[in-house]
Amino acid sequence: MNKIISKEYFSERVIKFVVEAPLIAKSRKAGHFVMVRVGKKGERFPLTIAAADVERGTITLVVQRMGVSSSKLCALEVGDSITDLVGPLGQATHIENFGTVVCACGGVGTAPMMPIVTALKKAGNRVITVLAARNKDLVILEEQMRENSDEVIVMTDDGSYGSKGLVTNGVEMVINREKVDLCITIGPAIMMKFVSQLTKKYDVPTVASLNTIMVDGTGMCGACRVTVGGKTKFVCVDGPEFDAHQVDFDEMLMRLGGYREMEREAMERSIDKTGV
Amino acid sequence: MTQRNEPWRVELRSQIKAKERSNMERVHMPELDAVYRSSVRDEEVNLGLTPELAMREAQRCLDCVNPTCMEGCPVSIRIPDFIKNIEVGNFLEAARVLKMTSALPAVCGRVCPQERQCEAVCIHTKMKKDSVAIGHLERFAADYERESGQISVPETNAPNGLKVAVVGSGPAGLSFAGDMVKMGYEVHVFEALHEIGGVLKYGIPEFRLPNAVVDVEIDNLRAMGVKFFNNVIIGKTITIRELEEDGFKGIFVASGAGLPRFMNIKGENLVGIMSSNEYLTRVNLMDAANPESDTPVYKGKKVAVIGGGNTAMDSIRTALRLGAEKAMIVYRRTEQEMPARVEEVKHAKEEGIEFLTLHNPIEYIGDEFGRVTHMVLQIMTLGEPDESGRRSPIPVEGKTRTVEVDEVIVSVGVSPNPLISQSTPELETTKWGTLVVNKETMQSSSMPIIFAGGDIVRGGATVILAMGDGRRAAAAMDSWIKEQI
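Line order of the protein sequences matches chains A and B.
First residue of the first sequence: 73, per the working numbering; consecutive thereafter.
First residue of the second sequence: 5, per the working numbering; consecutive thereafter.
By construction, these hints were calculated from the structure, which means they are not laboratory data.
Hints should not be assumed to be uniformly reliable.
Sample of chain A residues with no beta-carbon within 12 Å of chain B, all distances over it, derived [said to hold, decoys possible]:
1. GLU80
2. ARG128
3. VAL140
4. LYS144
5. ASP152
6. HIS166
7. ASN169
8. GLU223
Here are the computed lysine to aspartate or glutamate pairs in the EDC-like style, where the Cα-Cα straight-line distance is at most 20 Å [as the list claims (entries may be wrong)]:
9. B/LYS270 with B/GLU199
10. B/LYS486 with B/GLU249
11. B/LYS270 with A/GLU323
12. A/LYS251 with A/GLU214
13. A/LYS113 with A/ASP125
14. A/LYS113 with B/GLU210
15. A/LYS113 with B/GLU246
16. B/LYS306 with B/GLU372
17. B/LYS305 with A/GLU333
18. B/LYS350 with B/GLU367
19. A/LYS112 with B/ASP46
20. B/LYS303 with A/GLU337
21. B/LYS270 with A/GLU333
22. A/LYS303 with B/GLU367
23. A/LYS98 with B/ASP410
24. A/LYS98 with B/GLU401
25. A/LYS112 with B/GLU199
26. A/LYS113 with B/ASP37
27. B/LYS303 with A/GLU333
28. B/LYS443 with B/GLU432
29. A/LYS305 with B/GLU272
30. A/LYS113 with B/ASP46
31. A/LYS98 with B/ASP250
32. B/LYS350 with B/ASP37
33. A/LYS303 with B/ASP46
34. A/LYS193 with A/GLU223
35. B/LYS270 with B/GLU355
36. A/LYS98 with B/GLU248
37. A/LYS112 with B/GLU210
38. A/LYS112 with B/ASP291
39. A/LYS79 with A/ASP125
40. B/LYS133 with B/GLU151
Glycine included, C-beta positions come from ideal geometry on N, C-alpha and C.
Using the sequences and the accompanying hints, generate a full structural model.
Quick look at the structure:
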């Protein structure tokens with residue numbers, strides 16, 4: 073169960089795993105996530121499913137090494153098993169022929185955008201993907217995105233690849249050039265906040281896929297709550313995708329930072345112990 | 005050794021006069037010292053009866069012709085039968101009797117509100133005396149058997165070749181599974197979390213119900229043939245439809261509590277404010293207070309828990325054990341109306357928990373990092389009784405009070421788990437999201453293959469009511485399946 077079939081480094085910190093999970097592969101749709109736990113003392117954390125292969129019975133997860141838990145996952149090798157893997161969770165992405173869709177993703181948010189881009193294209197949309205990263209080395213999945221999008225615009229903070237600038241510069245360029253019917257954004261909360269501010273200005277409907285803190289991930293703990301349109305919503309069961317223009321990103325950023333101090337201490341302890 | 009008219013029972017009754025039995029004083033449960041226990045996280049507060057205490061308490065039971073106590077028990081435990089076995093020192097037989105009707109005697113003996121059920125209708129209470137300590141005796145027999153290492157596995161009928169599924173491994177699911185496996189069914193229990201046991205594991209703390217005790221009862225079900233599958237979410241990983249196609253003849257949905265309720269007041273999403281589900285799951289399921297665990301938990305110094313139920317008591321007493329210097333229960337009515345068990349309130353007070361009754365939070369205030377620093381409490385008074393029969397709390401105009409806090413745990417109830425109803429639209433639900441079932445048979449009003457019980461039907465219930473649902477559903481599903489074939 074949950075055996076790792078392949079492991080591929082997109083960059084030093086971003087790793088793609090293909091994991092045996094036949095039931096999840098069969099039932100998942102674009103936008104769904106899984107909860108993962110590594111080791112008996114491990115933490116449960118959510119990861120969006122990047123792809124699935126029903127015949128081989130596998131799902132693809134893309135992980136960025138950041139804290140203790142993602143580092144433990146990244147330390148696993150082919151043949152190892154993930155202690156616990158459960159899903160698919162959350163509401164699937166609403167897919168239909170919207171017309172022209174801009175998919176704005178940054179960093180590791182590119183991986184969960186992959187199945188959405190594929191599904192949108194299949195539904196007949198004109199898909200323009202804006203792929204943003206800090207530098208050339210952190211640009212991932214460019215080839216696969218090109219295969220499934222009508223156009224891919226690469227933006228890097230330092231201009232080492234594609235155009236120099238932020239994801240918002242790429243999105244704004246497209247909006248100024250042609251009529252955009254929908255924008256979907258996945259990436260760090262701060263990035264999604266700025267994409268949302270921009271598209272609001274142009275009145276382009278926007279969906280953001282939120283990645284909040286979760287404990288169980290199955291609609292029980294309420295740790296993932298966010299304010300959307302003035303109401304408290306639960307990312308794990310109501311989301312993870314919401315109307316970005318209604319999301320209180322400032323509150324979400326504040327809540328994401330809630331355990332930062334403890335996470336930093338845990339990371340230091342783990343480095344002291346394992347050297348990883 | 006289980007019939008009232010057996011010679012040994014007749015003889016036993018004649019040994020001590022009923023009046024003498026009634027005049028004996030009720031046993032006191034030995035407890036850990038309050039000061040000591042409030043600083044240790046995982047030591048059980050109630051220590052259990054010694055064999056001597058248990059045998060003496062068992063003498064108080066009159067072995068009534070019509071034992072009314074059994075009517076007060078949602079799973080109809082054969083109360084005099086097990087107690088009389090304790091009286092003669094036949095402890096293993098007492099445990100065997102308990103397991104005829106209950107899959108979880110060591111759990112029930114600890115967490116059931118006996119004072120409102122079996123003990124409330126004990127013959128002694130009608131004569132204004134203290135009831136027999138049925139709960140303490142139940143716990144004693146179950147613990148004795150577990151510690152003896154001679155655990156009996158209840159007999160099961162020969163396999164009947166019929167397969168049933170259980171959604172959720174909490175008290176309702178386990179009770180149902182135990183009854184069905186005894187009848188010869190092949191029982192598959194699917195659990196969404198990584199641990200089997202549901203609320204018994206993620207919810208109730210170690211100091212009230214050790215996980216090891218729960219595990220023994222689960223192992224016992226395993227030994228009877230129940231198959232457990234963790235990390236499977238029915239409705240998501242596998243749909244109800246797929247279970248049917250897979251040959252399951254009946255599905256018992258006991259998926260339990262879901263989304264925690266909040267009060268929708270200003271500042272409630274500040275950092276440091278969470279549901280009791282989140283707090284208890286971190287500490288109990290994820291072992292977050294253990295430095296070896298990767299899951300973090302706040303260890304507030306000034307902690308308030310909002311609510312007056314057992315979960316609220318569990319949360320505040322946990323906070324105290326994690327180092328809170330000031331630990332407060334904030335409740336909008338008075339102690340009389342508190343839904344928590346009397347014993348839990350008593351234990352909490354002994355440990356130094358402050359009770360701010362007739363107080364209700366109306367706003368939280370935070371610092372520049374979004375961390376909660378204060379709660380604003382509205383002073384309340386009691387008005388006329390509401391539908392629940394309790395006097396309803398009403399605000400005293402203009403009277404508020406601001407209290408410093410660095411952690412707030414909101415324990416004002418939960419809504420049913422939404423996963424099954426979201427993914428099975430044909431299932432009839434109430435406006436609160438609970439499944440609609442026949443109250444006698446627990447069968448779904450809209451999908452006959454589905455039976456349901458526990459919090460998914462009741463919204464919020466006790467362990468024993470959930471177990472009672474499991475028992476009734478098992479009996480009803482058995483007849484229904486047999487009608488189908």
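Comparing the hints with the structure gives:
Remark: the non-interface label on A/GLU80 is consistent with the geometry, its nearest Cβ contact in chain B lying 25 Å away (cut-off 12 Å). With a cut of 12 Å on Cβ distances, A/ARG128 stays outside the contact zone with chain B, its closest approach being about 18 Å. Consistency note on A/VAL140: stated as away from chain B, yet its beta-carbon is not over 12 Å from all of that chain's, at 5 Å minimum. Distance to chain B contradicts A/LYS144 as a non-interface residue, since its nearest Cβ pair spans about 7 Å, not more than 12 Å.
Against chain B, the non-interface label of A/ASP152 holds: every CB pair exceeds 12 Å, the least being about 17 Å. Annotated as non-interface, A/HIS166 keeps its C-beta farther than 12 Å from every C-beta of chain B; the closest such distance is 15 Å. With a least CB separation of 24 Å from chain B, A/ASN169 remains clear of the 12 Å interface cut-off, as annotated. Residue-level check passed: A/GLU223 sits 35 Å from the nearest beta carbon of chain B, beyond 12 Å.
With a C-alpha separation of about 35 Å, the suggested pairing of B/LYS270 with B/GLU199 is violated against the 20 Å cut-off. For the hint linking B/LYS486 to B/GLU249, the alpha-carbon distance of about 19 Å falls within 20 Å, and the restraint holds. For the proposed pair B/LYS270 and A/GLU323, the alpha carbon gap of about 13 Å is at most 20 Å, so the pair holds. The straight-line distance between the Cα atoms of A/LYS251 and A/GLU214 is roughly 24 Å, outside the 20 Å bound, and the hint therefore fails.
In summary, the hint linking A/LYS113 to A/ASP125 is not supported, as the alpha carbons are separated by about 30 Å, beyond the 20 Å threshold. For the hint linking A/LYS113 to B/GLU210, the alpha-carbon distance of about 17 Å falls within 20 Å, and the restraint holds. A C-alpha spacing of about 33 Å is found between A/LYS113 and B/GLU246, which places the hinted pair above 20 Å, so the restraint is violated. Distance restraint check for B/LYS306 and B/GLU372: the Cα-Cα separation of roughly 19 Å lies within the 20 Å cut-off, and the hinted pair is therefore satisfied.
The straight-line distance between the Cα atoms of B/LYS305 and A/GLU333 is roughly 17 Å, inside the 20 Å bound, and the hint therefore holds. With a C-alpha separation of about 29 Å, the suggested pairing of B/LYS350 with B/GLU367 is violated against the 20 Å cut-off. Under the criterion of a C-alpha separation no larger than 20 Å, the hint pairing A/LYS112 with B/ASP46 is consistent with the structure, at around 18 Å. A hinted pair counts as satisfied when its Cα atoms are at most 20 Å apart, and B/LYS303 with A/GLU337 qualifies at roughly 15 Å.
In summary, the hint linking B/LYS270 to A/GLU333 is not supported, as the alpha carbons are separated by about 25 Å, beyond the 20 Å threshold. For the given pair, A/LYS303 sits about 16 Å from B/GLU367 by alpha-carbon distance, which is consistent with the 20 Å threshold. Restraint check for A/LYS98 and B/ASP410: not satisfied, since their Cα atoms lie roughly 45 Å apart, outside the 20 Å limit. Simply put, A/LYS98 and B/GLU401 have alpha-carbon atoms about 58 Å apart, too far for the 20 Å limit, and the pair is violated.
Pair hint A/LYS112 plus B/GLU199 holds up; C-alpha atoms about 11 Å apart against a cutoff of 20 Å. Note on A/LYS113 and B/ASP37: the hinted pairing is violated, with a Cα-Cα distance of about 31 Å set against a maximum of 20 Å. The straight-line distance between the Cα atoms of B/LYS303 and A/GLU333 is roughly 13 Å, inside the 20 Å bound, and the hint therefore holds. Straight-line distance between C-alpha atoms of B/LYS443 and B/GLU432 comes to about 14 Å, which keeps the hinted pair within the 20 Å bound.
The suggested pairing of A/LYS305 with B/GLU272 holds, with an alpha-carbon distance near 13 Å, which does not exceed 20 Å. At most 20 Å may separate the alpha-carbon atoms for a hinted pair to count; A/LYS113 and B/ASP46 meet this at roughly 17 Å. This hinted pair checks out: A/LYS98 and B/ASP250 have alpha carbons roughly 15 Å apart, not beyond 20 Å. Between B/LYS350 and B/ASP37 the CA atoms are separated by roughly 13 Å; this keeps the pair inside 20 Å, and the hint holds.
For the hint pairing A/LYS303 with B/ASP46, the CA-to-CA distance comes to about 38 Å; that exceeds 20 Å, so the pair is violated. For the given pair, A/LYS193 sits about 11 Å from A/GLU223 by alpha-carbon distance, which is consistent with the 20 Å threshold. Distance restraint check for B/LYS270 and B/GLU355: the Cα-Cα separation of roughly 31 Å exceeds the 20 Å cut-off, and the hinted pair is therefore not satisfied. Straight-line distance between C-alpha atoms of A/LYS98 and B/GLU248 comes to about 17 Å, which keeps the hinted pair within the 20 Å bound.
A distance of roughly 18 Å separates the Cα atoms of A/LYS112 and B/GLU210; the hinted pair therefore holds under the 20 Å criterion. A threshold of 20 Å between alpha carbons decides the hint, and for A/LYS112 with B/ASP291 the separation of about 10 Å falls inside it, so the pair holds. Between A/LYS79 and A/ASP125 the alpha-carbon distance is near 16 Å, which keeps this suggested pair within the 20 Å criterion. Taken as a hint, the B/LYS133 and B/GLU151 pair is broken in the structure, with Cα atoms around 32 Å apart against an allowance of 20 Å.
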